[in-house]
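A.B. asks: Under the working numbering, the letters of the sequence shown match residues 6 to 200, in that order.
Just so you know, these hints were derived from the structure itself, not from any lab.
Do not take every clue at face value.
Straight-line distance between alpha carbons at most 30 Å, and here's what the computed DSS-like set of lysine-lysine pairs gives [as the list claims (entries may be wrong)]:
id : residue 1 : residue 2
1  : 15        : 28
2  : 115       : 69
3  : 191       : 69
4  : 69        : 100
5  : 128       : 115
6  : 128       : 200
7  : 115       : 100
8  : 28        : 69
9  : 100       : 128
10 : 191       : 128
11 : 69        : 7
12 : 100       : 7
13 : 128       : 28
14 : 28        : 115
Estimated spans, in silico, between C-beta atoms of each pair [said to hold, decoys possible]:
id : residue 1 : residue 2 : range
15 : 121       : 41        : 44 to 52 Å
16 : 44        : 192       : 19 to 27 Å
17 : 114       : 192       : 18 to 26 Å
18 : 162       : 72        : 22 to 30 Å
19 : 24        : 171       : 50 to 58 Å
20 : 64        : 132       : 23 to 31 Å
21 : 24        : 192       : 17 to 25 Å
22 : 14        : 114       : 19 to 27 Å
23 : 163       : 128       : 41 to 49 Å
24 : 13        : 64        : 27 to 35 Å
25 : 41        : 69        : 27 to 35 Å
26 : 154       : 200       : 26 to 34 Å
27 : 124       : 56        : 15 to 23 Å
28 : 56        : 92        : 42 to 50 Å
Since this is a predicted model, take the numbers as computed values, not measurements.
The C-beta atom is built at its ideal place from N, Cα and C for all residues, glycine as well.
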Amino acid sequence: MKIYTRGGDKGQTSLFGGERVSKAHPRVAAYGTIDELNSLLGVAAALCAREPLVFGAVEQWTQKVQADLFAVGSWLASPEACARVAEGGEAFPGKKRTGIHAARVEELEKDIDGWEAELAPMKNFILPGGGEAGAMLHFARSVCRRAEREVVALRDSGEAVPEIAVQYLNRLNDALFVLARRVNEKQGVREIPWK
Numbered sequence: 006m007k008i009y010t011r012g013g014d015k016g017q018t019s020l021f022g023g024e025r026v027s028k029a030h031p032r033v034a035a036y037g038t039i040d041e042l043n044s045l046l047g048v049a050a051a052l053c054a055r056e057p058l059v060f061g062a063v064e065q066w067t068q069k070v071q072a073d074l075f076a077v078g079s080w081l082a083s084p085e086a087c088a089r090v091a092e093g094g095e096a097f098p099g100k101k102r103t104g105i106h107a108a109r110v111e112e113l114e115k116d117i118d119g120w121e122a123e124l125a126p127m128k129n130f131i132l133p134g135g136g137e138a139g140a141m142l143h144f145a146r147s148v149c150r151r152a153e154r155e156v157v158a159l160r161d162s163g164e165a166v167p168e169i170a171v172q173y174l175n176r177l178n179d180a181l182f183v184l185a186r187r188v189n190e191k192q193g194v195r196e197i198p199w200k
C-alpha cells in the first residue's frame with residue numbers, strides 16, 4: 006500500500022466509513038491533535054529511554070497511553086464509532102482493540118496519586134520546563150489540553166462524542182503535569198515557581 010493517494014491534494018480527507026470532509030473539519034482537527042499528542046509522547050518516551058534505570062516505567066506507561074490515544078483517535082475518525090461508544094457499545098464491533106473504559110481513567114487517577122505522593126506539595130504555579138524529558142511532558146500536557154478543547158467543541162457542535170473521551174483527556178492532562186514534575190524531580194531539576 007502506498008503512503009500517498011493524492012486523494013487529499015484538494016484539502017479533503019476520508020473519515021472511517023468513507024465520508025469525505027474538509028481537512029479543516031472540527032472532527033479532523035480533533036483527531037489530528039490527538040495524533041500530535043501521540044507523537045509528542047513518543048519523543049518524551051525516547052528521552053526517558055536514555056535513562057532506563059530511572060525512567061523505565063515511564064516509557065512503558067507512555068506506550069500504554071499512546072495505544073489509548075490511537076483508540077480515541079480512531080473513534081473520532083468515525084462518527085458511527087463515536088455514536089456507538091456514546092451509547093455504551095463497542096466502537097468497532099468484532100475488533101480486538103476498540104477503546105478505553107472508565108477503569109482506564111481510574112488507572113490514570115491511581116498513577117497521579119502515586120506520583121503526587123512522592124512529590125513536595127505545590128505552593129505556587131510552576132513554569133513549564135525542566136530537563137528535556139520533563140519539558141517535553143509539559144509540552145505534551147498543553148497539547149493534551151488543546152485536544153480536550155477540540156473534542157469538547159466537536160461535542161458541543163452537536164456531533165456524537167463519547168464522554169469517556171473527554172474524561173480520559175482531562176485526566177491525562179493531569180497525569181502529564183504530575184509526571185513532568187516527577188521526571189524533573191528524579192533528574193534533580195528544580196521547579197521554577199511563577200512569581
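A.B. asks: Each of the hints needs a verdict: does it hold here or not?
C.D. replies: Okay, the hints, checked on the actual structure:
Simply put, residue 15 and residue 28 have alpha-carbon atoms about 9 Å apart, close enough for the 30 Å limit, and the pair holds. Between residue 115 and residue 69, the direct Cα distance comes to roughly 15 Å. Compliance with the 30 Å bound is thereby established for this hinted pair. For the given pair, residue 191 sits about 21 Å from residue 69 by alpha-carbon distance, which is consistent with the 30 Å threshold. Under the criterion of a C-alpha separation no larger than 30 Å, the hint pairing residue 69 with residue 100 is consistent with the structure, at around 18 Å.
The suggested pairing of residue 128 with residue 115 holds, with an alpha-carbon distance near 22 Å, which does not exceed 30 Å. A hinted pair counts as satisfied when its Cα atoms are at most 30 Å apart, and residue 128 with residue 200 qualifies at roughly 11 Å. Only pairs whose Cα atoms come within 30 Å are accepted, and residue 115 paired with residue 100 is accepted, the gap being roughly 28 Å. Restraint check for residue 28 and residue 69: the C-alpha separation of about 28 Å stays at or below 30 Å, so the hint holds.
Of the pairs offered as hints, the one joining residue 100 and residue 128 is violated, with about 46 Å between alpha carbons and a cut-off of 30 Å exceeded. Between the alpha carbons of residue 191 and residue 128 the distance comes to roughly 19 Å, so the proposed pair stays at or under 30 Å and holds. With a CA separation close to 28 Å, the supplied pair residue 69 and residue 7 stays within the 30 Å bound. At roughly 24 Å between alpha-carbon atoms, residue 100 and residue 7 fall within 30 Å of each other, so this suggested pair holds.
Note on residue 128 and residue 28: the hinted pairing is violated, with a Cα-Cα distance of about 43 Å set against a maximum of 30 Å. As the CA atoms of residue 28 and residue 115 are separated by approximately 37 Å, the hinted pair breaks the 30 Å bound. Distance hint check: the CB atoms of residue 121 and residue 41 are about 27 Å apart, inconsistent with the given range 44 to 52 Å. At about 22 Å, the beta-carbon gap between residue 44 and residue 192 stays in the expected band of 19 to 27 Å.
One distance hint, 18 to 26 Å for the beta-carbon pair residue 114 and residue 192, holds here, with the actual separation near 25 Å. The hinted window of 22 to 30 Å between residue 162 and residue 72 holds, with their beta carbons roughly 28 Å apart. The hinted range of 50 to 58 Å is not satisfied by residue 24 and residue 171, whose Cβ atoms lie roughly 23 Å apart. As the Cβ distance of residue 64 to residue 132 is approximately 25 Å, the hint placing it in 23 to 31 Å holds.
For residue 24 and residue 192, the hinted distance range of 17 to 25 Å is not satisfied, since their beta carbons lie about 46 Å from each other. Between residue 14 and residue 114, the C-beta spacing of about 44 Å breaks the proposed range 19 to 27 Å. Remark: the range hint 41 to 49 Å for residue 163 to residue 128 is upheld by a beta-carbon distance near 43 Å. Checked against the hint of 27 to 35 Å, the C-beta distance between residue 13 and residue 64 comes to roughly 33 Å, which is consistent with it.
A C-beta distance of roughly 19 Å is found between residue 41 and residue 69, which places it outside the suggested range of 27 to 35 Å. With their beta carbons about 28 Å apart, residue 154 and residue 200 fall inside the hinted range of 26 to 34 Å. Look at residue 124 against residue 56: about 18 Å separates their beta carbons, and that is inside 15 to 23 Å. One distance hint, 42 to 50 Å for the beta-carbon pair residue 56 and residue 92, holds here, with the actual separation near 44 Å.
Hints 9, 13, 14, 15, 19, 21, 22 and 25 from the earlier list are contradicted by this structure; the remaining hints agree with it.
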